[in-house]
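As they're listed, the protein sequences go chains A and B.
Following our numbering, the numbering of the first sequence begins with 1 at its first residue and continues without gaps.
Following our numbering, the numbering of the second sequence begins with 309 at its first residue and continues without gaps.
Source of the hints: derived by calculation from the structure; they are not laboratory data.
The structure displayed is predicted, hence computed values, not measured ones.
Incorrect hints may have been included.
Some chain A residues flagged as far from chain B (calculated, every beta-carbon gap over 10 Å) [said to hold, decoys possible]:
no., residue
1, E41
2, R49
3, A53
4, P118
5, E180
6, L190
7, A199
8, R205
9, A209
10, H256
11, A266
Quick list of simulated restraints, FRET-style, between CB atoms [to be verified]:
no., chain 1, residue 1, chain 2, residue 2, range
12, B, R384, A, R101, 14 to 20 Å
13, B, S422, A, G191, 22 to 28 Å
14, A, R98, B, E468, 27 to 33 Å
15, A, T106, B, E502, 41 to 47 Å
16, A, A199, B, D365, 32 to 38 Å
17, B, G337, A, D48, 24 to 30 Å
18, B, M496, A, R21, 32 to 38 Å
Idealized CB from N, CA, C, for every residue including glycine.
Protein chains: 2
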Amino acid sequence: MLSTTATPGVAQRAFRDELLRHGLLIATGVPGVYGRSAELEDTLARVDRLVDALGADDEAEVVRFPPVLNRGHFERSGFLESFPHLAGAIHCFDGSERDHRELLRTVEAGGDWSAALPVAGVVLTPAACYPVYPMLAGVLPPDGRLVDVMSYCFRHEPSEDPARMQMFRMREHVRAAEPETVVAWREMWLGRVEWLVDALDLEARADAASDPFFGRAGAILADSQRHQRLKLEIVAPIASEACPTAIVSPNCHQDHFGRLFGITTADGAVAHTSCVGFGLERITLALYHRHGFARSEWTSPVREALNL
Amino acid sequence: MLSTTATPGVAQRAFRDELLRHGLLIATGVPGVYGRSAELEDTLARVDRLVDALGADDEAEVVRFPPVLNRGHFERSGFLESFPHLAGAIHCFDGSERDHRELLRTVEAGGDWSAALPVAGVVLTPAACYPVYPMLAGVLPPDGRLVDVMSYCFRHEPSEDPARMQMFRMREHVRAAEPETVVAWREMWLGRVEWLVDALDLEARADAASDPFFGRAGAILADSQRHQRLKLEIVAPIASEACPTAIVSPNCHQDHFGRLFGITTADGAVAHTSCVGFGLERITLALYHRHGFARSEWTSPVREALNL
Numbered sequence: 001m002l003s004t005t006a007t008p009g010v011a012q013r014a015f016r017d018e019l020l021r022h023g024l025l026i027a028t029g030v031p032g033v034y035g036r037s038a039e040l041e042d043t044l045a046r047v048d049r050l051v052d053a054l055g056a057d058d059e060a061e062v063v064r065f066p067p068v069l070n071r072g073h074f075e076r077s078g079f080l081e082s083f084p085h086l087a088g089a090i091h092c093f094d095g096s097e098r099d100h101r102e103l104l105r106t107v108e109a110g111g112d113w114s115a116a117l118p119v120a121g122v123v124l125t126p127a128a129c130y131p132v133y134p135m136l137a138g139v140l141p142p143d144g145r146l147v148d149v150m151s152y153c154f155r156h157e158p159s160e161d162p163a164r165m166q167m168f169r170m171r172e173h174v175r176a177a178e179p180e181t182v183v184a185w186r187e188m189w190l191g192r193v194e195w196l197v198d199a200l201d202l203e204a205r206a207d208a209a210s211d212p213f214f215g216r217a218g219a220i221l222a223d224s225q226r227h228q229r230l231k232l233e234i235v236a237p238i239a240s241e242a243c244p245t246a247i248v249s250p251n252c253h254q255d256h257f258g259r260l261f262g263i264t265t266a267d268g269a270v271a272h273t274s275c276v277g278f279g280l281e282r283i284t285l286a287l288y289h290r291h292g293f294a295r296s297e298w299t300s301p302v303r304e305a306l307n308l
Numbered sequence: 309m310l311s312t313t314a315t316p317g318v319a320q321r322a323f324r325d326e327l328l329r330h331g332l333l334i335a336t337g338v339p340g341v342y343g344r345s346a347e348l349e350d351t352l353a354r355v356d357r358l359v360d361a362l363g364a365d366d367e368a369e370v371v372r373f374p375p376v377l378n379r380g381h382f383e384r385s386g387f388l389e390s391f392p393h394l395a396g397a398i399h400c401f402d403g404s405e406r407d408h409r410e411l412l413r414t415v416e417a418g419g420d421w422s423a424a425l426p427v428a429g430v431v432l433t434p435a436a437c438y439p440v441y442p443m444l445a446g447v448l449p450p451d452g453r454l455v456d457v458m459s460y461c462f463r464h465e466p467s468e469d470p471a472r473m474q475m476f477r478m479r480e481h482v483r484a485a486e487p488e489t490v491v492a493w494r495e496m497w498l499g500r501v502e503w504l505v506d507a508l509d510l511e512a513r514a515d516a517a518s519d520p521f522f523g524r525a526g527a528i529l530a531d532s533q534r535h536q537r538l539k540l541e542i543v544a545p546i547a548s549e550a551c552p553t554a555i556v557s558p559n560c561h562q563d564h565f566g567r568l569f570g571i572t573t574a575d576g577a578v579a580h581t582s583c584v585g586f587g588l589e590r591i592t593l594a595l596y597h598r599h600g601f602a603r604s605e606w607t608s609p610v611r612e613a614l615n616l
């Protein structure tokens with residue numbers, strides 16, 4: 001679709017502008033925050049149903065959380081250690097009428113009203129699976145547990161790249177069990193994801209990946225994560241051929257969440273966990289990038305896969 | 309279902325505990341923030357489709373926004389003047405590695421880390437229609453505009469009453485046009501809502517309502533709003549027969565949003581706006597309250613209306 005360019009950001013902005021021009025995204029004045037048209041929502045729902053189909057035989061527990069997380073669970077999760085720059089805390093006013101008048105004066109003057117609002121009991125969900133680990137606390141049944149979640153997630157990375165939204169939906173399956181089961185489960189999903197990207201005819205490839213850890217110490221963590229291949233990413237071109245973006249991410253957390261939230265296997269060991277996350281907006285945008293803006297002209301196999 | 313009680317909060321807590329015990333809601337440790345079971349989500353989706361059906365002939369523009377709002381639009385909307393206590397601002401870290409170490413020490417010590425995170429470019433959406441008004445800025449076509457939205461909304465009212473969630477979904481239709489058109493449109497929706505509550509056999513009634521304005525000056529605003537019947541509410545018992553809760557709310561804003569966001573009619577006047585909002589969780593919970601926890605045993609007419 002769009003030609004590759006050597007200037008960073010140009011292809012991203014061009015693709016975003018095309019999405020706005022076709023009315024698939026609606027600008028809100030904030031980079032990375034868009035309204036979605038009826039067609040975009042419909043395409044995304046079809047991608048979501050394709051993920052349903054992939055996991056249909058697994059009988060996962062289906063749970064849906066709102067896009068906020070218990071702040072205590074968030075603090076315990078380690079997210080603030082690794083990704084402070086991506087987090088979204090929620091602050092709420094609890095002052096007097098006098099404080100309220102002061103707040104309004106500050107807003108009126110275009111000032112910073114941060115100080116008037118202390119932190120509340122919830123933060124924005126950074127990944128759909130975060131509310132699941134506290135829910136799994138305790139002893140797992142002999143087969144472990146498998147949970148299917150989906151929610152809007154927040155990442156504070158204001159960007160003109162439509163593949164890097166500040167709020168986007170992530171569909172995830174989360175497995176908690178003993179280590180071998182969890183590793184085998186992730187392998188199984190890699191096969192399914194391969195089927196998915198073939199069915200949608202996306203030019204995707206798997207790659208060892210690392211999270212965008214904060215700071216200099218973070219660079220070492222990222223190297224280690226990549227080296228151990230704990231995080232894989234399926235990347236596909238979205239806004240640019242030269243810089244493909246992760247559309248699916250199968251992660252092994254080893255005993256990280258098991259230790260933090262007291263999840264143990266039936267025989268008393270700390271449970272391992274793994275999740276496979278589908279970036280629903282990213283897969284949807286990858287489809288438009290690959291197949292064009294006229295959805296009615298997408299190839300028959302792709303339209304059949306999406307039940308279009 | 310639950311007997312009426314004179315002690316405030318008892319019936320609410322009892323109904324919440326029943327919802328948790330039946331697994332329809334999942335506790336997160338934060339009052340008013342719950343996971344939803346597959347069945348609850350399915351019932352809610354059926355209610356949402358019933359709203360689809362009510363408005364099917366209107367050919368509304370369907371748009372979906374993520375549950376955050378441009379902070380500048382939020383400041384302009386007047387929400388902070390009237391409802392500062394319900395708002396949710398989003399704060400994000402943008403400090404150095406040194407600031408990060410200080411942040412982690414504060415979190416570790418169980419301290420208040422509010423000050424480390426300045427306010428970001430977005431706030432949580434307080435009602436699904438808020439992102440619509442900036443989108444309507446400019447001159448409307450001769451017939452005005454009609455927009456169909458749905459999103460998770462945030463209200464900071466931590467409560468044990470399951471009908472008062474901090475995050476819940478609101479489906480809305482929003483009309484912008486000249487005053488007579490807007491008033492007639494709201495009247496039409498009142499008829500549709502009557503059909504809806506009959507179809508679902510909810511013991512609902514319409515009432516002049518007022519928003520929970522903040523402070524002493526707020527009490528005067530609330531009186532005025534009630535007196536002018538600008539806000540109607542369809543209330544139904546959810547957690548308690550004695551204290552029914554609003555499940556649908558048709559509002560007239562007169563020229564409030566038209567003036568704030570520069571929405572004008574084709575002949576150059578400030579447009580009036582109105583919205584009708586459906587509290588999807590509240591309608592869903594009202595169904596369980598009214599008809600019992602065994603969905604398969606709901607009466608035939610209700611099951612037919614929900615296509616169960």
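Going through the hints against the structure:
Separation of E41(A) from chain B is inadequate, the least Cβ-Cβ distance of about 5 Å not exceeding the 10 Å criterion. No beta-carbon of chain B comes within 10 Å of the beta-carbon of R49(A); the shortest separation is about 13 Å. The claim that A53(A) lies off the interface holds: its Cβ sits roughly 16 Å from the closest Cβ of chain B, which is beyond the 10 Å cut-off. A beta-carbon of chain B is positioned within 10 Å of the beta-carbon of P118(A); the least distance is around 5 Å.
With a least beta-carbon separation of about 29 Å from chain B, E180(A) lies farther than 10 Å from that chain, consistent with its non-interface assignment. With a cut of 10 Å on Cβ distances, L190(A) stays outside the contact zone with chain B, its closest approach being about 26 Å. Distance check on A199(A): its Cβ is at least 25 Å (rounded) from any Cβ of chain B, clearing the 10 Å threshold; non-interface status holds. A cut-off of 10 Å between C-beta atoms confirms that R205(A) is not in contact with chain B; the least separation is 29 Å.
Distance check on A209(A): its Cβ is at least 23 Å (rounded) from any Cβ of chain B, clearing the 10 Å threshold; non-interface status holds. With a minimum CB-CB distance of about 17 Å to chain B, H256(A) clears the 10 Å threshold, and the non-interface call stands. No Cβ of chain B approaches the Cβ of A266(A) within 10 Å, the least distance being about 21 Å, so the stated non-interface status holds. A hinted range of 14 to 20 Å holds for the C-beta pair R384(B) and R101(A), which are about 18 Å apart.
At roughly 46 Å, the beta-carbon separation of S422(B) and G191(A) lies outside the given 22 to 28 Å, and the hint is violated. A C-beta distance of roughly 30 Å is found between R98(A) and E468(B), which places it inside the suggested range of 27 to 33 Å. In this structure the hint that T106(A) and E502(B) lie 41 to 47 Å apart at CB holds, the actual value being about 45 Å. Remark: the range hint 32 to 38 Å for A199(A) to D365(B) is upheld by a beta-carbon distance near 36 Å.
The hint said 24 to 30 Å for the Cβ distance between G337(B) and D48(A), and at roughly 28 Å that hint holds. Between M496(B) and R21(A) the beta carbons are some 34 Å apart, a value that agrees with the proposed interval 32 to 38 Å.
In summary, the structure is inconsistent with hints 1, 4 and 13 from the numbered list given earlier, while agreeing with the others.
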